[in-house]
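Let chain A serve as the given structure and place chain B on it in line with the hints.
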Amino acid sequence: MPGEANNTPQSGRRPRLGLSRRGCQSTPLIRLQRDDSAANTPKCSEQETPRAPPLSLSSRRIGLSKSRTGLSKKKLEFAAAHGIKDEEREIVKKTAKKDKKERNDAQEALDAPEEIQEHGNQKNQLENSPQSSKIVELQGDIEIWRQGFKASVGDLLTMAEPGLSRSDLLTRLGIPHEMLRYLEEECP
Amino acid sequence: MKENKKKSRKTANKTNETSEGQKKKIIELLHEYNDLKDATQRVLEALANLKCVPVGSVYATYNLPRDE
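Residue numbers (the numbering used here), protein chains in the order written: chain A, 344 to 531; chain B, 2 to 69.
So here's chain A without its partners, still in its complex pose (with noise of 0.2 Å):
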């Protein structure tokens, strides 16, 4: 049969679809790299030294025909600096002043004798003892009670029989002939 002849498999390595022949037995990485040292690698074209330009002695030198902002501003830069050390040294003036009026304050606290220092100490004592407060509130209370007292009795006497007495009044309420000295007494 010569159509059964090329049906039958051939021996050896059969070729891949879609690949060339070629490209099966490179490596991606190899390749990568050839493309990039292809790349860097200059030509032989711009491998040429480049060159300085001629000094000319005729004029003066290219550096300084230049103007030099960096002088001026360094200037500046100083003289803020100079301001800036001004300024710490008053403020390092006045803490110094701060500090001898401190010393001195204390040099005479101390200088000072011990007679007055505990006097001190016993008025603020006093003075901030709960006792104190409770005598200056029953004080003010006293006071109110004290007005009240008078203005009522002044009232009553208005109102009560004519020609009636204020310890006759007293009497009748059943109140302490003692109790006439706070109608009698002025505000001072």
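Keep in mind the hints are simulated off the structure, nothing from the lab.
All C-beta atoms in this analysis are idealised placements derived from N, C-alpha and C, irrespective of residue type, glycine included.
It cannot be assumed that every hint is accurate.
What the hints assert, rightly or not - Coverage of chain B stretches by chain A, computed from C-beta distances (three or more under 8 Å per stretch; other residues unrestricted):
id : stretch
1  : 22–34
2  : 47–55
Claimed, not checked - So the derived label-pair ranges between C-beta atoms look like this:
id : chain 1 : residue 1 : chain 2 : residue 2 : range
3  : B       : Gly-57    : A       : Ile-478   : 24 to 32 Å
4  : A       : Met-502   : B       : Asn-14    : 54 to 62 Å
5  : A       : Thr-438   : B       : Pro-66    : 53 to 61 Å
6  : B       : Lys-52    : A       : Lys-477   : 31 to 39 Å
7  : A       : Ala-494   : B       : Glu-4     : 55 to 63 Å
Here is chain B on its own, set in the frame of chain A:
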């Protein structure tokens, strides 16, 4: 050292005396306060009776505390 001890004792005695004095003062003021309050309350009750008004309103008239 002895002088310092004496001074400290003096100050202690002074503080004790002042505290005792303050206590006496407080007691006297309390008595005075109580007497005044009692007397004023009697007068206010009499006024309320004459005016035929509640006692509370009379307290308010004279700006006196009612809760005490």
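Here is what the structure says about each hint:
Judged by the Cβ-Cβ criterion of 8 Å, the stretch 22–34 of chain B is covered by chain A as claimed, because 8 of its residues qualify and three suffice. Three residues within the 8 Å Cβ limit are the bar, and the stretch 47–55 of chain B against chain A gives 4, so the coverage statement holds. For the hinted restraint 24 to 32 Å between B:Gly-57 and A:Ile-478, the CB-CB distance of approximately 30 Å keeps it satisfied. Between A:Met-502 and B:Asn-14 the CB atoms are about 56 Å apart, so this pair conforms to the stated range of 54 to 62 Å.
For the pair A:Thr-438 and B:Pro-66, the supplied restraint of 53 to 61 Å holds, since their beta-carbon distance comes to about 56 Å. Between B:Lys-52 and A:Lys-477 the beta carbon distance is about 36 Å. The supplied range of 31 to 39 Å therefore holds. The hinted window of 55 to 63 Å between A:Ala-494 and B:Glu-4 holds, with their beta carbons roughly 58 Å apart.
When held up to the earlier numbered hints, the structure conflicts with none and fits them all.
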